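Chains as they are written, first to last, in my numbering: chain D, 1048 to 1230; chain G, 6 to 175.
In case anyone wonders, no lab produced these hints; they're calculated from the structure. Hints may be right or wrong, so weigh each one.
[Stated by the list, open to error] Under the rule of at most 30 Å between Cα atoms (straight-line distance), these lysine-lysine pairs were calculated in the DSS-like manner:
| # | chain 1 | residue 1 | chain 2 | residue 2 |
| --- | --- | --- | --- | --- |
| 1 | G | Lys132 | G | Lys64 |
| 2 | D | Lys1172 | G | Lys132 |
| 3 | D | Lys1172 | D | Lys1226 |
| 4 | G | Lys132 | D | Lys1226 |
These numbers were taken from a predicted model, which means no experiment stands behind them.
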Amino acid sequence: MIVGRPRSALVAVFLWVALWGAAAAQDPTGEAMALEALGLDSPQLVEPPAGPPIDGAELERRTQEVASLMRCPVCQGLSVADSPTDSALAMKEEVRGLLAAGYSDDQVLGYFERSYGEFIRLSPKPTGLNLLVWVAPILAILAGALLIAARMRSARPTGAGAAAASDPELDSYLERVRKEAGN
Amino acid sequence: MNRVALVLGALFVVPLLIFLAISFRYDPRAIDSPLIGRPAPTFTLAGLDGSVHRLADSKGRPVVINFWATWCQPCIVEHPILQAGARRYSGRVDFVGIVYQDDPDLIRRFIAERGAWGPALLDPGSKVAIAYGVYGAPETFFLDANGTVVEKVAGLITPQTLDRILGELL
């Protein structure tokens, strides 16, 4: 009797724990909580959003704007905004989420840059060696313009006829034409 | 005049050729991950069977994180390599697979046919893949015992690479 009672109590406790465990496993709120915690453990951006949350048309416009500055990682020279791939769509969704929370364009681009590197930007930031990419075309255009100007300046006298007069071959030809025209 | 044009042209063309000669030797996609040397983004993800896996639980052991999919040919090729690696380093290194943009049913069928080498975690919205800067599958990240990213291998991983990196970590 004395031995039997604790044993039955133990069985009862065991049964209760087992049933409670089974009930907890099926508990939809418990499951929802577990689902909610899935994903990254810490927020993607540690700093607070630079602005207030946005939505609607403005959110769409800015999502498109920021996504168009980002390189689609699985494409050749396409932006995230222009690419229909799953990777680009997932990134665009991430951009939308961050912008909706109020993060600025720079904060969003900075977040992607932290994991993907500067390669994620379709146009490199105009700093350091990158400045070459921005300055070199302008320098090339200027050099080209100078070259053309120099050529035109040296070509003008010959075109005006003043220098042509000094060409003996042309002179005789011109004289013949004038003579024939005079006749 | 021609000489001036030649010199000016050479001034542009020669540096350009040097620049191209150097840059074409690198694959722009193979740039080192900016995450290297930094703490790996920690995550909590569910596997195919719903069981939850926390990266934080691996603290104290090196971790191999492999982003893969059934549509990616190199992933299929490296599957047995990772299986062998996970067996060989069992108990010393954690091998974690994260499904990169694939159908859970296809993953389930693939694992039923070929076996698993670690949890195949689902990454809704590719949020974890984005946090790791994944360009495509397969990509393998190596974390040291403190959770710092020490190396990233884009593309097929070889047993030699696996042994080299884990040898340095253990």
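We went through each hint and held it up to the structure:
{"no.": "1", "hint": "G:Lys132 to G:Lys64", "result": "holds (22 Å)"}
{"no.": "2", "hint": "D:Lys1172 to G:Lys132", "result": "holds (25 Å)"}
{"no.": "3", "hint": "D:Lys1172 to D:Lys1226", "result": "violated (68 Å)"}
{"no.": "4", "hint": "G:Lys132 to D:Lys1226", "result": "violated (88 Å)"}
Hint compliance for this structure: hints 3, 4 are broken, all remaining hints hold.
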